[in-house]
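2 protein chains.
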Amino acid sequence: METIRVGLLGCGVVGGATLRILRDHADELAARAGAPIEVVRVAVRDPERRREVELDPGTTTRNAADVVEDGSIQIVVEAMGGLEPARDLILRSIRSGKHVVTANKELLATAGGEVLQAAGTSGVDVLFEAAVGGGIPIIRPLRESLAGDRVRKVMGIVNGTTNFILTRMAETGESFAGALAEAERLGYAEADPSADVEGFDAAAKLAILATLAFGSGVVATDIPTEGITRVTSEDIAAAHDLGYVVKLVAVAETAGQQVSVRVHPAMLPRTHPLAAVRDVFNAIFVEAENVGELMFLGRGAGGAPTASAVVSDIVEIARNIVSGGRSPASAGYSRRAAIVPQEETLVRYYVVLSVLDQPGVLAAVAGAFADHGVSISSVRQEGSDDQATLVLITHLASEGRHRATFDQLEGLDTVKEIASKMRVEGTTEA
Amino acid sequence: METIRVGLLGCGVVGGATLRILRDHADELAARAGAPIEVVRVAVRDPERRREVELDPGTTTRNAADVVEDGSIQIVVEAMGGLEPARDLILRSIRSGKHVVTANKELLATAGGEVLQAAGTSGVDVLFEAAVGGGIPIIRPLRESLAGDRVRKVMGIVNGTTNFILTRMAETGESFAGALAEAERLGYAEADPSADVEGFDAAAKLAILATLAFGSGVVATDIPTEGITRVTSEDIAAAHDLGYVVKLVAVAETAGQQVSVRVHPAMLPRTHPLAAVRDVFNAIFVEAENVGELMFLGRGAGGAPTASAVVSDIVEIARNIVSGGRSPASAGYSRRAAIVPQEETLVRYYVVLSVLDQPGVLAAVAGAFADHGVSISSVRQEGSDDQATLVLITHLASEGRHRATFDQLEGLDTVKEIASKMRVEGTTEA
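One line per chain: the protein sequences are A and B, in this order.
Terminal number for the first sequence in numbering that gives the first Met the number 0: 429, no gaps in between.
Terminal number for the second sequence in numbering that gives the first Met the number 0: 429, no gaps in between.
The hints are simulated quantities; they were obtained by calculation from the structure and are not laboratory data.
Watch out, some of these pointers could steer you wrong.
Copies of the same chain are indistinguishable here, so a pair counts whether it falls within one copy or spans any two.
Pairs of lysine to any residue residues, derived as SDA-like cross-links and limited to a Cα-Cα distance of at most 25 Å, are as follows [as the list claims (entries may be wrong)]:
| # | residue 1 | residue 2 |
| --- | --- | --- |
| 1 | 415 | 82 |
| 2 | 152 | 22 |
| 3 | 415 | 110 |
| 4 | 152 | 19 |
| 5 | 415 | 427 |
| 6 | 420 | 109 |
| 7 | 415 | 69 |
As the structure is a prediction and not an experimental result, all values here were calculated from the model.
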């Protein structure tokens with residue numbers, strides 16, 4: 000049996016775990032792939048660094064070109080992350096006829112079209128199961144298991160750091176800052192947590208999910224993104240009282256021939272499957288025409304879970320090499336999706352208003368909603384002294400109508416402030 | 000482009016929905032498969048019966064042999080269910096070089112080895128994504144996404160009828176009989192509900208999951224099976240007070256070189272992902288060495304969800320025909336698993352004892368557990384008049400040791416009865 004020759008770019012947490020699994024499970028993997036799989040070259044920045052997995056000096060290089068230009072290598076595994084030089088190295092690998100496995104969400108969310116088109120031209124496979132949801136099988140199910148269906152909506156909790164923070168805030172009453180500090184202490188948050196807490200990591204993953212789910216290309220910059228830095232423990236407690244939990248959701252749904260995409264904190268009904276997703280777990284909820292509702296849950300990060308997905312891609316390509324087959328193309332990267340403008344996205348809002356406790360206030364507030372065609376699903380008034388609080392949940396209406404309503408509310412003499420507002424997702428209406 | 004020719008055996012709920020999707024989504028499916036897919040023959044018992052989907056009289060036959068013996072048909076979709084004649088028709092199809100898609104769990108759980116070996120001999124694909132969990136992608140993830148990992152445990156809620164009944168009992172305090180009657184009224188339970196409520200349906204699905212997860216064949220008769228007919232609303236309320244929910248679980252786990260399999264009602268901690276699976280939803284929880292914990296959730300039955308999975312299998316085979324490829328073999332059907340004897344299976348139990356409220360009772364009870372090497376994780380005593388109740392949860396110990404303990408407890412003068420007992424699953428210990 001011919002040995003399948005693999006080159007590895009980067010040997011950090013994910014690359015190292017990939018190397019370990021390929022070594023430890025070599026016999027089982029050979030049986031599944033139909034041929035032994037061998038890592039013949041590993042390119043790293045610092046070969047001297049201590050790692051969990053020992054590098055063979057004979058196969059280690061500082062020069063990524065030694066992998067990319069090695070004509071004997073059939074599969075390049077890119078585990079460096081970041082846009083460059085990963086993009087350049089992947090494109091060169093593809094053009095020299097190598098198959099590629101990558102977990103690089105930034106690259107796919109930015110230059111996925113370029114990479115997948117190059118793969119099509121060169122007739123090679125580019126697989127990226129690990130790019131979204133770590134070890135959760137979601138790319139392959141979207142590409143293959145739902146090939147007999149039409150996806151209408153994807154809603155994911157795809158960032159473990161923020162889900163840990165929101166879970167802590169909900170379960171212990173901790174503030175955002177306190178929960179973030181704890182995430183840092185436990186190694187769940189990076190030194191600069193902004194990519195996580197501002198929602199950019201989730202947006203990159205959503206771009207990939209939306210592209211595969213709807214078969215038309217969405218890039219990260221298409222996605223209006225709001226993080227969780229302004230979510231307070233009071234918001235979470237108020238949501239709890241109403242039967243909701245607060246999650247950072249990444250949403251993509253069809254709207255006629257267009258696609259609506261967004262990342263923001265949202266209130267979900269406590270009975271929604273995503274509401275039970277705690278701590279650093281990730282989950283992706285999918286609604287399709289025939290299958291109805293599906294959810295995929297698991298650990299969205301970490302070396303071993305992510306490497307498990309990387310290795311499944313390596314096995315798939317190895318099997319293709321042995322059998323002469325090809326993996327189904329990742330449809331969607333060849334054309335750009337038409338994106339619904341954010342103002343026209345249909346949403347529901349939870350709004351808390353501090354108002355003066357005097358006659359006519361409710362009429363004025365209700366009037367502001369009515370003036371912009373936003374209808375109110377529920378309202379609750381709580382009074383104390385000469386001041387009262389109104390808690391409202393709206394029916395589905397456009398983001399633009401909601402914003403115009405909020406502007407008008409802020410101009411009312413009887414409204415002291417919009418104390419809080421948050422979108423509501425996962426109700427049967429939305 | 001060559002048209003892929005499909006023959007359909009049976010046109011009930013699943014067959015009809017399959018036919019509808021193949022017609023309604025014809026263009027998309029052709030694009031994904033690389034060739035148009037056409038149903039050229041449909042065998043049904045009664046062509047005159049009114050159906051949701053209209054049959055073309057020119058392609059309809061009463062004679063299944065017209066499908067199996069039609070040399071132009073490339074894919075046979077078996078949607079009849081039951082062991083015979085499905086088994087015979089599938090084997091004849093395979094031997095004449097046809098690929099097969101089936102949702103037939105009874106057949107796979109009984110004669111899966113025979114069918115898959117025949118497929119290997121004839122060089123055809125036999126796919127069965129719809130056989131477990133309806134539309135939930137679980138077969139393909141086990142076969143492909145976890146190809147780079149080692150599965151340790153599979154625990155599923157794989158029967159929607161019983162999950163609906165248990166959800167009702169928990170949320171409304173309804174009795175088993177009352178909840179079953181409601182399931183019947185809503186069309187979730189069949190006229191004879193015994194296959195569901197006695198756990199046999201779950202056992203058939205577990206046989207398939209275990210075979211794929213561990214790569215060695217498990218058949219339905221290997222699986223000790225207990226249904227939910229003896230679960231009371233008092234059990235469920237008591238579980239709730241302790242922070243648990245009651246679910247019918249299908250469990251398969253590795254134990255050295257052996258496999259432990261079982262279907263029974265169990266108490267799960269409320270924070271376990273399976274605990275949030277409500278109503279007719281199904282979910283399969285998987286633990287693997289590298290990826291850690293995964294869960295797959297969705298609608299486990301119904302025409303459209305099941306047909307969505309059937310069509311994904313048809314598309315995969317059509318793509319194989321176009322590209323000359325083959326699907327990865329479903330490993331495990333070529334050899335039999337070594338099954339852990341039920342007496343040796345490691346479990347935890349929740350036990351409620353009615354005891355006399357007199358000195359020495361707790362010592363005698365604790366002694367019975369100690370005599371058989373079963374250690375107690377928690378105990379709670381509630382007294383009233385001259386009678387008391389002891390609620391105990393044990394640590395992991397064999398089923399046999401637990402049973403011997405129960406026998407001894409029943410022989411004690413101070414123990415009036417074992418009022419209730421149930422296994423506990425999904426704790427970090429188990």
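Within, between, both or neither, where residue 415 and residue 69 count as close if Cα-Cα is 25 Å or less: neither (68 Å within a copy, 77 Å between copies)
Between residue 415 and residue 110, at a C-alpha cutoff of 25 Å, which is it: within one copy, between copies, both, or neither? neither (46 Å within a copy, 72 Å between copies)
As a check of your reading, is residue 152 near residue 22 (CA-CA no more than 25 Å) within one copy, between copies, both or neither? between (39 Å within a copy, 23 Å between copies)
Between copies, within a copy, both or neither: which fits residue 420 and residue 109 at Cα up to 25 Å? neither (31 Å within a copy, 56 Å between copies)
One pair to classify: residue 152 and residue 19, alpha carbons no more than 25 Å apart. Within, between, both, or neither? between (37 Å within a copy, 22 Å between copies)
Intra/inter-copy verdict for residue 415 and residue 427 if alpha-carbon distance must be at most 25 Å: neither (32 Å within a copy, 50 Å between copies)
Measure nothing new, just compare the shortest in-copy and cross-copy C-alpha distances for residue 415 and residue 82 to 25 Å and report within, between, both or neither. Result: close neither inside a copy nor across copies, 46 Å intra and 71 Å inter.
Checked against the numbered hints given earlier, this structure breaks hints 1, 3, 5, 6, 7; the rest are met.
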